[in-house]
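Novice: Each chain, written out:
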Amino acid sequence: MKHPEVTTELHVIARAPFTLYYEGPATSLSATNKVGQFDILPGHADFFSVLNPGEIVIETGGEPVSFTINNGILTVRDNQAMLFVNM
Amino acid sequence: MRRPSAIEKEAGQIETVQDLTGVFESLASTQVAKVKSKVELSKEFFRLLWQRYSSIRVDPAVRITNRELGDEQARKVLVIISAEAGLSGDIDIRLIETMQQNYDPKTTDIIVLGSHGASMLTQRGIPYVRFFQVPESDSYIDVSPVIEAVLPYTQIIVYYEEYVSLGVQNIKTIDLISSLRDMSEEASEDAMTAAETIFEPSINEIADQMEITMMNLALSQTILESSLAQAASRFNAMAVAKKRAGELLGDYQLEFHRAKRAQSDRQLREVMTTLKKKHKRQGELI
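Protein chains in written order, with the working numbering: chain S, 1 to 87; chain C, 88 to 373.
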């Protein structure tokens with residue numbers, strides 16, 4: 001399994017078809033899938049998941065960004081997390 | 088010649104029509120701007136999601152064509168995306184006429200989106216198996232009932248309206264499954280393999296979910312594109328109607344001035360005749 005270099009920042013893009021919820025650096029991202037609740041931290045292994053309905057929380061170092069989703073897909077690759085939600 | 092007051096009354100009505108078409112024209116213009124920005128955002132969303140989907144290297148065409156087919160196994164379906172209401176110029180008529188060229192009732196069923204298209208099909212005696220209202224596009228477009236209805240068919244052809252520019256809108260068709268296959272072949276993203284990636288809950292469940300999501304999005308794109316083309320067509324129709332009303336108003340104003348002048352001339356002639364008669368009578372008396 002590929003492990004990216006140790007880093008303190010994750011780049012997150014979170015969007016719905018007509019809405020950009022967040023794009024920028026983050027310290028963590030929390031969501032829920034069929035397996036349970038999970039957090040993505042900087043340096044996380046490559047990841048591909050179907051998300052359950054619920055709340056997404058992105059810790060940005062300042063004010064956290066949170067929003068509710070009906071459905072979603074999360075992919076993490078090379079320390080970049082892409083959230084596609086409410087499709 | 089008609090009375091000026093009657094002409095003035097009719098001109099007032101034309102002026103109201105001109106004002107109304109102006110309002111519709113302005114509304115259509117706002118709608119074009121609003122939907123255009125949504126189309127751009129949605130296209131970008133689809134592109135990014137497709138990149139990630141293609142990275143898991145599951146051929147969507149194979150998965151979709153391997154699905155369990157219903158009773159309609161040998162049949163194909165034409166999905167027509169029309170406007171929910173009229174006042175869209177001639178674009179829906181062109182849509183139906185284009186569809187008719189490839190329609191064979193023996194092998195094909197029709198599913199129609201939009202009340203305008205449904206009523207035009209009924210007027211032409213063309214049967215359809217399902218009707219759906221055009222989903223609202225304010226937040227996101229839920230096309231899952233439509234996808235559920237089309238999945239049992241072997242071929243899914245979507246007829247929709249494409250916005251080229253404010254002045255030009257075309258009728259387009261896509262084969263929903265083939266278009267997904269073509270996009271899959273163009274995939275450029277590096278593969279995400281099970282050896283390097285954690286798939287939750289599993290790669291197969293993800294692929295199933297993604298497949299339906301991509302079909303939903305592809306269909307949503309055509310609905311949005313149609314909505315944009317309809318708004319542009321409405322704008323054109325209203326601009327033409329406003330221009331015609333303006334020309335008609337000009338004609339009425341000309342007719343009004345002529346009638347007014349004729350009335351004034353007639354009154355003057357009557358005064359002159361009366362005066363002449365009066366002078367004549369006075370002369371006779373003297």
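Keep in mind that the hints are not guaranteed to be accurate.
[Stated by the list, open to error] One side only, chain S facing chain C, incomplete, derived with CB under 7 Å: (1) Tyr21; (2) Val35; (3) Leu41; (4) Ala45.
Since the hints were made in silico from the structure, they are not lab data. Don't be surprised by glycine CBs; every beta carbon is placed ideally from N, CA and C.
Novice: Are the hints correct? Go through all of them and say.
Specialist: Against the structure, the hints come out as follows:
1. Tyr21: At 12 Å from the nearest chain C Cβ, Tyr21 of chain S fails the 7 Å test, so the hint is violated.
2. Val35: Interface hint status for Val35 of chain S: holds (5 Å vs cutoff 7 Å).
3. Leu41: violated (14 Å)
4. Ala45: holds (6 Å)
In summary, the numbered hints that this structure violates are 1 and 3.
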